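Asks: Here is what each chain is made of, one letter per residue.
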Amino acid sequence: MPGVYISYPFCAQKCTYCNFASGVFPRQLEQDYLGALLLELGRVRWQWTPETIYFGGGTPSLIPAPVLRGILAQMPGFPWREATMEAAPGGITADLAAAWREAGINRVSLGVQSLVEPEIRRTGRKHTPDIVSQEVALLRAEGIERVNIDLIAGLPGQTAESWALTLDRLEALHPDHASVYMLEVDEDSRLGNEILLGGVRYGARDVPDDDNTARFYETAVDRLAAMGVPRYEISNFARPGHESVHNLKYWRREPYLGLGSDAHSFDGRWRWRTPETPAEYVKLVREGASTVMEREEADEAEERFFLGLRLDEGIAAEPDAIAPHGEVLERLAAAGLVETTSQRLRLTRRGVLVSNEVFQEFIR
Amino acid sequence: MDPSHIRNFSIIAHIDHGKSTLADRLLEVTGALSHREMMDQVLDSMDLERERGITIKAHAVRLDYRASDGDMYQLNLIDTPGHVDFTYEVSRSLQACEGALLVVDASQGVEAQTLANTYLALNHNLEILPVINKIDLPSAEPDRIKEQIEQVIGLDASEAVLASAKQGTGIPEILEEIVRKVPPPKGSPDDPLRALIFDSWFDPYRGVIILARVVDGRIRMGQRVRLWSNGRTYEVEGIGYQSPKPIPCQELAAGEVGFLYCNIKTVSDAQIGDTIVDDANPAPEALPGFQEIKPMVFAGLYPVESHEHGLLRDALEKLRLNDSAFNFEPENSAALGFGFRCGFLGLLHLEIVQERLEREFEIDLITTAPGVRYLVTLLNGDVIEVDNPTKFPNPAEIKQIEEPIIDATIITREEYIGEILKLVEEKRGMQKKFEYIGTGRVLINYELPLNEIVLDFYDRLKSASRGYASLDYHMAGHRVSPMVKLDVLVAGEPVDALSIIVHREFAYDRGKGLIERLRRLIPRQMFEVALQAAIGNKVIARETISAIRKNVLAKCYGGDISRKRKLLEKQKEGKRRMKRVGRVEIPQEAFLAVLKVAGDSSD
Chain A
0 MPGVYISYPF CAQKCTYCNF ASGVFPRQLE QDYLGALLLE LGRVRWQWTP
50 ETIYFGGGTP SLIPAPVLRG ILAQMPGFPW REATMEAAPG GITADLAAAW
100 REAGINRVSL GVQSLVEPEI RRTGRKHTPD IVSQEVALLR AEGIERVNID
150 LIAGLPGQTA ESWALTLDRL EALHPDHASV YMLEVDEDSR LGNEILLGGV
200 RYGARDVPDD DNTARFYETA VDRLAAMGVP RYEISNFARP GHESVHNLKY
250 WRREPYLGLG SDAHSFDGRW RWRTPETPAE YVKLVREGAS TVMEREEADE
300 AEERFFLGLR LDEGIAAEPD AIAPHGEVLE RLAAAGLVET TSQRLRLTRR
350 GVLVSNEVFQ EFIR
Chain B
0 MDPSHIRNFS IIAHIDHGKS TLADRLLEVT GALSHREMMD QVLDSMDLER
50 ERGITIKAHA VRLDYRASDG DMYQLNLIDT PGHVDFTYEV SRSLQACEGA
100 LLVVDASQGV EAQTLANTYL ALNHNLEILP VINKIDLPSA EPDRIKEQIE
150 QVIGLDASEA VLASAKQGTG IPEILEEIVR KVPPPKGSPD DPLRALIFDS
200 WFDPYRGVII LARVVDGRIR MGQRVRLWSN GRTYEVEGIG YQSPKPIPCQ
250 ELAAGEVGFL YCNIKTVSDA QIGDTIVDDA NPAPEALPGF QEIKPMVFAG
300 LYPVESHEHG LLRDALEKLR LNDSAFNFEP ENSAALGFGF RCGFLGLLHL
350 EIVQERLERE FEIDLITTAP GVRYLVTLLN GDVIEVDNPT KFPNPAEIKQ
400 IEEPIIDATI ITREEYIGEI LKLVEEKRGM QKKFEYIGTG RVLINYELPL
450 NEIVLDFYDR LKSASRGYAS LDYHMAGHRV SPMVKLDVLV AGEPVDALSI
500 IVHREFAYDR GKGLIERLRR LIPRQMFEVA LQAAIGNKVI ARETISAIRK
550 NVLAKCYGGD ISRKRKLLEK QKEGKRRMKR VGRVEIPQEA FLAVLKVAGD
600 SSD
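If you're matching them up, the sequences are chains A and B in order. Numbering of the first sequence is given in numbering that gives the first Met the number 0, commencing with residue 0 and proceeding in unit increments. Numbering of the second sequence is given in numbering that gives the first Met the number 0, commencing with residue 0 and proceeding in unit increments.
Keep in mind that the hints were calculated from the coordinates and are not lab data. Since the model is a prediction, treat every value here as computed from it, not as a measurement. Honestly, I wouldn't trust all of these hints.
[Unchecked claim] Below, simulated DSS-like cross-link-like pairs (lysine-lysine); rule was C-alpha separation at most 30 Å, straight line:
1. B/Lys-569 / A/Lys-13
2. B/Lys-537 / B/Lys-569
3. B/Lys-484 / B/Lys-398
4. B/Lys-264 / B/Lys-293
5. A/Lys-13 / B/Lys-398
6. B/Lys-484 / B/Lys-293
7. A/Lys-282 / A/Lys-13
8. B/Lys-432 / B/Lys-390
9. A/Lys-282 / B/Lys-484
Throw the hints in and build the complete structure from the sequences for me.
Replies: This is the structure:
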């Protein structure tokens, strides 16, 4: 059953590490955008019922509760198996949480990134570790039991000690789901750009090197496993049975529909996207024009490897699919990067850390 | 025309001292060209020449000039190449003249290149007419420059013409001086034909076009001529002169300069300096001074994309049609695949060929470190020439190695002389002369190994002198030196394209610098990679590139699979452009690292 992704690219501030098409836009555009989103939703002819809904951003927790209700009311399938709201810690009230729950939200993903104050502040975020624990408690009290905590390994100033502290505090939150990303350095984020240019802003000089970042990640893998929250995907960890149903669709190549700007869709065969900027999106929707862009047929032979292998369960080692890559797989296995157990092909622990090197082998 | 009314001259000038502007003025004043035609006509030459402000090919332009004595004169301006790589070509062009204008910038003064070419002209007994140019500049000091010309070159400059080619001052005086002082050509139109080839190029429609100076006799349409050096005969199919547009004519007689073509297929058959004689009635002797042009600097050229090997060969063959000074032969490198070992006159020549290949033929190239040709005497007494490190004989079989030496002249301001002396000493130079020439300027003369010049000498000299140094050199034989072959091993495998020949005393520093640089240029691989510099079996320096620790894509935000795929594709493409040696992917820049390892290893 398909999932629905709703993109809300607006934020109260742009975080230094963020390399997405989201950020701070004029207030009027935000309202126009919500209007366009409702308009587009109204045009969807639901020949299927969404299994999952995911509000991603940006900071979709900024969507006013009545508007959110309006958006969710247009989609069939309430109560959904999983309806996730991404949220920046620091703005969640009991009323808001209750409104979310009533509208159908049953999972919240908190962009915590770090639980050490100076690190949080350097990214441009305003929350504190206390706020995070209060809000997690509050969500649970209002009946939203499923909470994900996002963390980033490799933030400026992070050390083995500070990372351990973040993980200690994470443990105290008893999460049933966590995401741990390693900082991506590219020219699309302010911090990444500063690092590439050799500058000093945003703590660029204090970013841990690759080796340390990799070490932090592995520490997190071990610590989370010990908490009973093992890794099920390169960046995702869950208490068994609490994996994100929506996110699994991406890796398992199940269909999803993306709405809003910079949203991505897959119908099992074709992939397409919507315009990158909210302004462009609003314009197209108002004109009644299609928002479908860059529609192309997915290459299953490639994707089953570079998506499927991200999962801890790996992919079925069916002879038909594996045979064409026999030589590559042998080489990767000999290098200790992949392994086959119980008829599943999986990345090894080291393979996970250099997974791009593995995936490239399957890109034509 | 009667030889008594012919004057053949060239212009000697340092780059930027105003040679082209002066030439343009002479053309304009004699009416060869209107002002408007000047731009597109005169400099009808390679883009490269225009961009770099240097002349690579010679030109010869005939000017008709009515002198103050009322007579018409035929003035032939022979424009020569202006770079040390082309000294031989310059000498042939000068041999075609009886006089030369020595153009010196009124504020800059005499530079090394000017000096060298003036000596070359004096050796050919040319009448030198000093011209002090750019006197319109506020910083002009014509008296000081005159003094300098007298002191440095030993030339009477009392009658030097003061000119500003830009403003047109002094141009009539220069023309009068040429008529009055440059001797008329000596040969007789009635003697058997002898004509000097001083340049040639390939024209796709007519074959090779030769620029020649008729020394004796006449050359006519339809005449059967013979080239002295190779004995081949041809029938003259076209003949004429440039004014500056090509103007066909029936014959060129003793003293005259012009072009001819006779269905020659490749410029290597019409070599610069060769003598054209009549096939039926050959002159008994050739003109003096002919030399086979010998490449001095050698490098491997490899296509980045190995499937472009055939393309590169075709391109080299085409270039060679037009440039007999460089040669190439197929070479096979374990690291770089199939390529060509090429010989060049010098570094500029190498750069020109490289740029033409990339620009005109659109081939991405990897060029290995340029080197020189060594004379290696083996224990069995055989002497072999080695210009390729990979062909270097086993050290156990070598009795001695001789390396080519140059005689270099550098002129600079005295405030930079300290830095420059440090540089030439570092480059194993031997001082032969140190002289103050006029206020604040110093001339030094050094014997230097050519090997040290081809590495990075120009760049270093430029930075040591902030650009205020001029350099000229000529070959000065060989000298026995303790040279060794330095190999680089990547993950235990020797990378042939990174081997260099180096003086034993420099081997350690250079090896260390080189692998330090490589450590920064070769990306981390899936495994630890050892880098070693070795002489024979002895490792003299070692570095390690640790294995990649992470290469992970974190987010797949909102199911954006294409972005992910694009990134993987980009990473894969990056690798595809690297050369794989054993298990290690080496980027192109690494092969250039060899070029920059002198002295300090900093970037």
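Asks: Please work out if A/Lys-282 and A/Lys-13 have their alpha carbons no farther apart than 30 Å.
Replies: holds, 24 Å
Asks: For a C-alpha distance cap of 30 Å, please report whether B/Lys-484 and B/Lys-293 respect it.
Replies: holds, 24 Å
Asks: A/Lys-282 and B/Lys-484: Cα distance at most 30 Å?
Replies: violated, 68 Å
Asks: CA of B/Lys-569 to CA of A/Lys-13, is that 30 Å or under?
Replies: holds, 27 Å
Asks: Decide if the proposed pair is consistent with the structure: B/Lys-484 and B/Lys-398, CA atoms, cutoff 30 Å inclusive.
Replies: holds, 15 Å
Asks: Would the pair B/Lys-264 and B/Lys-293 pass a check requiring their Cα atoms to be no farther apart than 30 Å?
Replies: At roughly 21 Å apart (the allowed maximum being 30 Å), B/Lys-293 and B/Lys-264 satisfy the hint.
Asks: Are the Cα positions of B/Lys-537 and B/Lys-569 separated by 30 Å at most?
Replies: violated, 40 Å
Asks: Take the C-alpha atoms of A/Lys-13 and B/Lys-398, compute the straight-line distance between them, and say whether it is at most 30 Å.
Replies: violated, 71 Å
Asks: Take the C-alpha atoms of B/Lys-432 and B/Lys-390, compute the straight-line distance between them, and say whether it is at most 30 Å.
Replies: The given pair, whose Cα atoms are some 37 Å apart, is violated under the 30 Å limit.
Going down the numbered hints, you'll see the structure goes against 2, 5, 8, 9, while the others check out.
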